[in-house]
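Visitor: Residue numbers (the numbering used here), protein chains in the order written: chain G, 1 to 285; chain S, 1 to 196.
Mixed in with the good hints there might be a few duds.
[To be verified] So the derived list for chain S, only partly shown, Cβ under 8 Å to chain G, looks like this:
| # | residue |
| --- | --- |
| 1 | Asn16 |
| 2 | Leu80 |
| 3 | Gln106 |
| 4 | Ala116 |
| 5 | Asp119 |
| 6 | Ile131 |
| 7 | Lys166 |
| 8 | Ser174 |
| 9 | Ala178 |
| 10 | Gly180 |
| 11 | Glu181 |
| 12 | Arg183 |
[As the list claims (entries may be wrong)] 30 Å max Cα-Cα, derived DSS-like pairs, lysine-lysine:
| # | chain 1 | residue 1 | chain 2 | residue 2 |
| --- | --- | --- | --- | --- |
| 13 | G | Lys166 | G | Lys242 |
| 14 | G | Lys264 | G | Lys174 |
| 15 | S | Lys147 | G | Lys74 |
| 16 | S | Lys28 | S | Lys41 |
| 17 | G | Lys97 | S | Lys36 |
| 18 | S | Lys147 | G | Lys242 |
| 19 | G | Lys275 | S | Lys162 |
| 20 | G | Lys97 | S | Lys28 |
| 21 | S | Lys166 | G | Lys281 |
| 22 | S | Lys166 | G | Lys97 |
| 23 | G | Lys98 | S | Lys132 |
Just so you know, these hints were derived from the structure itself, not from any lab.
Built from N, CA and C at the ideal position, the CB exists for glycine as well.
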Amino acid sequence: MNRKASIDLSFFPGCSLDTTATENNLSLNSLFNRIGYNLVELDDWNCCGSSSAHSINSELASDLATRNLSLAPKGRPLVAACPSCLLRLQDAHFHLKKNDEERLRYEERWGRPFDPELKILHFFEILDGIDLLSFAKDRTKRLDGLRFVPYYGCMLAHPPDLTREKEYHGLMEKILASLGATPLSWPHASQCCGTFLSVARPDIVTPLVDRIIQGARDAGTDCIITACAMCHLNLEVRCSLKKTIPTLYFTEVLSLALGSDEHKTWFSRHLVDPKPLLRSKGLIQ
Amino acid sequence: MKADRQFPSKELIKSNHLNLDFVSEIEKISGVNINKCYHCKTCAGGCHFYQTTDYPPNSVIRLAQLGLRNEALECSTIWLCVGCHTCSIQCPMGIDMAGFMDGLRQIAIREEVVIAEPDILNFHRDVLHTIKRHGRTHKLEVMLRYKARKWDWFSDLAVGLKMFSKGKLHLMPSKIKAIGEIRKIFAPRPDGVIYE
């Protein structure tokens, strides 16, 4: 175990991790504590604006995102787990850096200085390059025998302005394989889950989700592993197939692999129960 | 998919109502220059929603380039595009398709044209309504407002109850302290755009 004092990171949970995806939030915090990081929730954060604000007005979308930037303490990176929140925050920061007029508006609006050096990272960035196995109790590859398909949804795609931001093709496979799991290849890893259309147009999202779940079943996997709360929700609530398959959060599986026993409240929140699978693999009691 | 969808259209484009400033109007609102598009249709090939929209993404660009303003603003593609950026990473010209769609949606709202997917716009407004009230989205309230507006209480009842029983729909909203700062963002605008 790492005995060094933990490093503080600012953390933007966003509305999903605060409510529908609490299990993602809890397992992320548990994981980061184990590897020596302390996620400090951004004080009084607000919704990033999600898909709705920029559909209706760009200024509104920018203001909702920039208020969060103005709350971030100087000198430590701001970490997000929701790919959509991350994009909104990175996009707002990029435009503030580029545009003097917008920066003036920001400072007038929030009365707080703009930090052009603020680093806005996905939590993948912290995991990349860490040898997670060294944090596992007895260095045991606990995920031996777990077959999975990685599901990134649209989190690997950036708008052209942000193409210089890092992307993480293959990161989930690399890390989970280092802990003993077996990644399977399948054609739906980067297929969009349908996001908010799930509410107004379930008739579009259901066939999309069914194709993804059927694809996973055809690949012969035990489960789907995702890092996105929106993807997780859609895969759970919009599948109309009789035989479905559990979808686990990347952070849940990593925490289990490192020997976490705080998972009682995580898996009971899943609509498709992953507990029989996890028991059969010896990951939970 | 619409039954009458046919490419290329048998009808000729009528040139008496073309709006040739439309491309620059879109660039002004979205920062996206769609004249870079040479219609390789890579975006259409990669679009996850191609089967359900009335025009593939590049055809919406074509409508705009031709100055067919109403046709572009009233198509369903601009509302069904979720901004997943799949097309943008494949576009050889690096066109920000999601930004372009944002621009068209915003013009469509401002000009009160016929909205092809009113439910989707209503959903966006319901989301913004809860952000204005609490600073964060409140999913239960979004769903209730959305369903009440449609007078549709049963279509997702089973899903809603299941989510509720699993603790995924909270009764009470998560609220921020400095709600005044959020209200300031939502203050009435000089251009009259209604957010929610």
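Visitor: Hints first: check each against the structure and report whether it holds.
Guide: Status of the hints after comparison with the structure:
Because the smallest distance between the Cβ of Asn16 (chain S) and any Cβ of chain G comes to about 32 Å, over 8 Å, the interface hint for this residue is violated. At its closest, the beta carbon of Leu80 (chain S) sits 7 Å from a beta carbon of chain G; the interface hint therefore holds under the 8 Å criterion. Interface restraint check: Gln106 (chain S) against chain G, minimum CB-CB distance 6 Å, threshold 8 Å, status holds. Below 8 Å, beta-carbon pairs count as interface contacts, and Ala116 (chain S) has none with chain G, the closest being about 12 Å; its hint is therefore violated.
Of the supplied interface hints, the one on Asp119 (chain S) holds, with its beta-carbon coming within about 4 Å of a beta-carbon of chain G, less than 8 Å. At a threshold of 8 Å, the smallest CB-CB gap from Ile131 (chain S) to chain G is about 5 Å, leaving the interface hint in force. Satisfaction of the interface hint for Lys166 (chain S) is found here, the shortest Cβ-Cβ separation to chain G being roughly 5 Å, below the 8 Å cut-off. For Ser174 (chain S), the suggested interface contact is upheld, since its CB lies about 5 Å from the closest CB of chain G, less than 8 Å.
Look at Ala178 (chain S): its Cβ gets to within about 6 Å of chain G, closer than 8 Å, so that hint holds up. A least Cβ separation of about 11 Å between Gly180 (chain S) and chain G goes past the 8 Å threshold, and the interface hint is therefore violated. With a least beta-carbon distance of about 6 Å to chain G, the hint placing Glu181 (chain S) at the interface is held under the 8 Å criterion. Interface hint at Arg183 (chain S): violated, since its Cβ lies 11 Å from the closest Cβ of chain G, which is beyond the 8 Å cut-off.
A C-alpha spacing of about 38 Å is found between Lys166 (chain G) and Lys242 (chain G), which places the hinted pair above 30 Å, so the restraint is violated. Distance check on the hinted pair: Lys264 (chain G) and Lys174 (chain G) sit about 27 Å apart at the alpha-carbon level, within 30 Å; holds. Among the hinted pairs, Lys147 (chain S) with Lys74 (chain G) is inconsistent with the structure: their alpha-carbon atoms are about 43 Å apart, more than 30 Å. Annotation: proposed proximity of Lys28 (chain S) to Lys41 (chain S) holds, straight-line Cα distance about 24 Å (limit 30 Å).
Restraint check for Lys97 (chain G) and Lys36 (chain S): the C-alpha separation of about 25 Å stays at or below 30 Å, so the hint holds. Of the supplied pair hints, the one linking Lys147 (chain S) and Lys242 (chain G) holds, its CA atoms being roughly 27 Å apart against a limit of 30 Å. Of the supplied pair hints, the one linking Lys275 (chain G) and Lys162 (chain S) holds, its CA atoms being roughly 17 Å apart against a limit of 30 Å. Straight-line distance between C-alpha atoms of Lys97 (chain G) and Lys28 (chain S) comes to about 19 Å, which keeps the hinted pair within the 30 Å bound.
This hinted pair checks out: Lys166 (chain S) and Lys281 (chain G) have alpha carbons roughly 24 Å apart, not beyond 30 Å. Pair hint Lys166 (chain S) plus Lys97 (chain G) does not hold up; C-alpha atoms about 42 Å apart against a cutoff of 30 Å. The hinted pair formed by Lys98 (chain G) and Lys132 (chain S) meets the criterion: a straight-line CA distance of about 28 Å does not exceed 30 Å.
Checked against the numbered hints above, the structure violates hints 1, 4, 10, 12, 13, 15 and 22; every other hint is satisfied.
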